[in-house]
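Novice: Sequence:
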Amino acid sequence: MFRNKNFALLVSGQSLANMGDILYITSIISMIYQWTGSSFYTAFVPFTITSAMFLSSLLSPLAMNRWNLKWLLTFSQVGKTIIIILLTLLVTEMVAVPFIIVFLLIAGIGLLDGCANPISQTLIPYYVNSEQLVKANGFFDTITQIIQAGMWFISSLLLIRIGSNNLLWVVIGLFFLSSCLLSFLNSVQSSNTKQPSPFAEMKEGWHILYRTPILRKMAYIEGLDSIATTVWIAAILYVFVSERLQADHQWWGWINGAFFLGLILGSLYCMKYAKVVENKIRKVFILGAIGAFFSTFLFAFNTLPVLALILAFSFGASMQIKGIPQHTMIQTSVSLTQLSKVYAALGALGTGIFALSSLLMGWLAETFNVQLVFLLSAALMAVISILIKVNQQVFVKGNVKQT
Numbered sequence: 192m193f194r195n196k197n198f199a200l201l202v203s204g205q206s207l208a209n210m211g212d213i214l215y216i217t218s219i220i221s222m223i224y225q226w227t228g229s230s231f232y233t234a235f236v237p238f239t240i241t242s243a244m245f246l247s248s249l250l251s252p253l254a255m256n257r258w259n260l261k262w263l264l265t266f267s268q269v270g271k272t273i274i275i276i277l278l279t280l281l282v283t284e285m286v287a288v289p290f291i292i293v294f295l296l297i298a299g300i301g302l303l304d305g306c307a308n309p310i311s312q313t314l315i316p317y318y319v320n321s322e323q324l325v326k327a328n329g330f331f332d333t334i335t336q337i338i339q340a341g342m343w344f345i346s347s348l349l350l351i352r353i354g355s356n357n358l359l360w361v362v363i364g365l366f367f368l369s370s371c372l373l374s375f376l377n378s379v380q381s382s383n384t385k386q387p388s389p390f391a392e393m394k395e396g397w398h399i400l401y402r403t404p405i406l407r408k409m410a411y412i413e414g415l416d417s418i419a420t421t422v423w424i425a426a427i428l429y430v431f432v433s434e435r436l437q438a439d440h441q442w443w444g445w446i447n448g449a450f451f452l453g454l455i456l457g458s459l460y461c462m463k464y465a466k467v468v469e470n471k472i473r474k475v476f477i478l479g480a481i482g483a484f485f486s487t488f489l490f491a492f493n494t495l496p497v498l499a500l501i502l503a504f505s506f507g508a509s510m511q512i513k514g515i516p517q518h519t520m521i522q523t524s525v526s527l528t529q530l531s532k533v534y535a536a537l538g539a540l541g542t543g544i545f546a547l548s549s550l551l552m553g554w555l556a557e558t559f560n561v562q563l564v565f566l567l568s569a570a571l572m573a574v575i576s577i578l579i580k581v582n583q584q585v586f587v588k589g590n591v592k593q594t
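Quick note on our numbering: the sequence shown kicks off at 192 and runs consecutively.
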């Protein structure tokens, strides 16, 4: 698998893009806060990105039905490179630009990311044999999580050393290299299906979700997951450390680090024991969901910082042990030509719910208390575990049955 040229190019290209994304977000958030001193404008950056990705997930099937997936992925990265060059020139030349222009450029990058994400997941089964999907998904997720864990730390150091303006030039270099690598992928055509109208094309992925029992259940799980996992975003964890643990802010960073370490080791476990995961995919899926529930439930009642580290690690590992079988079952439940539309629909569902539930959980934490939101999250995790257990006969690799 690791000698597979296309898979290596896909992982390398997406890894460089992910590095650039984190550096870009770090730089732009720092700039906006320096310009305005406003937490509202700063918080509006991730909201703008998530909203744009949601819109893109709805619209991307229109492009997937018309153009080659390899070139769609490549040109989305080229588009991001062009936009980041424009943004960099504007801020480094100290041009008095209205904030609306800056946020439109940020939204443009989010739109292109929302198209690229489902395509990258779709391309994996095109380039990797079915027998190696679990290992391939595990490797892809491991690299992604290592980058996310490491680059936030590195981005902070670079921000201090070279400043936010120069950091954007580094992003341009990473995006350019990513575009070059992705351009060498073998061509992949998504679908030649002609729909009677653009609206029919947009709803095709949703229609597949609805009429495929395993995907319909996966959509329920995706929606519940998107609500439940919002409590683990950095902002709510910060409040938990301050109010519940009553610990120094350094513990906030350590708990985030433990969570990412859990994600990484969960991926490594699925890679090392890929055959076991594949042969017992339903059981692993259920155990991952139950582990996430218990980790969140115990975390809600915990007041010890050291135990919080252990539980955050456990939650991350459980979510990844659940997530890799989930991806594998999705990738083998429909034809490859339909897969990009399925991922686009799931992406729209996940980002849309996540954006709204982030605001809801933040309001609940501020209005009531932060323990309540973790208990609510645990309750949703319990519902997910029950949903998987009750419908366990549906959750098998290669279940292509439709209704």
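One or more of the hints may lead you astray.
[Unchecked claim] 16 angstroms max Cα-Cα, derived EDC-like pairs, lysine to aspartate or glutamate:
| # | residue 1 | residue 2 |
| --- | --- | --- |
| 1 | K463 | E322 |
| 2 | K466 | E557 |
| 3 | K588 | E469 |
| 4 | K471 | E322 |
| 5 | K588 | E322 |
[Stated by the list, open to error] Label pairs and their in silico Cβ distance ranges:
| # | residue 1 | residue 2 | range |
| --- | --- | --- | --- |
| 6 | Q583 | E557 | 30 to 40 angstroms |
| 7 | W360 | L250 | 42 to 52 angstroms |
| 8 | S203 | K474 | 30 to 40 angstroms |
| 9 | S203 | Y401 | 28 to 38 angstroms |
| 10 | K466 | A199 | 33 to 43 angstroms |
| 11 | G354 | K466 | 40 to 50 angstroms |
| 12 | Q583 | S347 | 42 to 52 angstroms |
These are computed hints drawn from the structure, not numbers from a lab.
Remember, it's a predicted structure, so these values are computed and weren't measured experimentally.
Just so you know, even glycine gets a beta-carbon here, dropped at the ideal spot from N, CA and C.
Novice: Decide if the proposed pair is consistent with the structure: K466 and E557, CA atoms, cutoff 16 angstroms inclusive.
Specialist: violated (45 angstroms)
Novice: When you take the CB atoms of G354 and K466, is the distance between them in 40 to 50 angstroms?
Specialist: Hint holds: Cβ distance 49 angstroms, inside 40 to 50 angstroms.
Novice: Should the hint that S203 and Y401 are 28 to 38 angstroms apart at their CB atoms be regarded as holding?
Specialist: Once the Cβ atoms are compared, 36 angstroms apart, the range 28 to 38 angstroms for Y401 and S203 holds.
Novice: Take a quick look at whether K588 and E469 sit within 16 angstroms of each other, Cα to Cα.
Specialist: Satisfied, since the Cα-Cα distance of roughly 8 angstroms is no more than 16 angstroms.
Novice: Does the Cβ-Cβ separation between K466 and A199 fall within 33 to 43 angstroms?
Specialist: At roughly 22 angstroms between Cβ atoms, A199 and K466 fall outside 33 to 43 angstroms, so the hint is violated.
Novice: Is 30 to 40 angstroms a correct range for the gap between the Cβ atoms of Q583 and E557?
Specialist: The hint (30 to 40 angstroms, Cβ to Cβ) holds, given that Q583 and E557 are roughly 39 angstroms apart.
Novice: Hey, K463 versus E322, does the alpha-carbon distance stay inside 16 angstroms?
Specialist: holds (14 angstroms)
Novice: May I ask you to test the hint 30 to 40 angstroms on the CB atoms belonging to S203 and K474?
Specialist: Once the Cβ atoms are compared, 33 angstroms apart, the range 30 to 40 angstroms for K474 and S203 holds.
Novice: Check the hint pairing K471 with E322 against an upper bound of 16 angstroms on the C-alpha distance.
Specialist: With Cα atoms ~14 angstroms apart, K471 and E322 stay inside 16 angstroms; holds.
Novice: Would the hint linking K588 and E322 be met if the CA-CA limit is 16 angstroms?
Specialist: holds (11 angstroms)
Novice: CB of W360 to CB of L250, is that within 42 to 52 angstroms?
Specialist: This hint is violated: roughly 31 angstroms between Cβ atoms.
Novice: Assuming the hint says 42 to 52 angstroms, is it satisfied by the Cβ distance from Q583 to S347 or not?
Specialist: holds (44 angstroms)
Consistency note: the structure conflicts with the earlier hints numbered 2, 7, 10.
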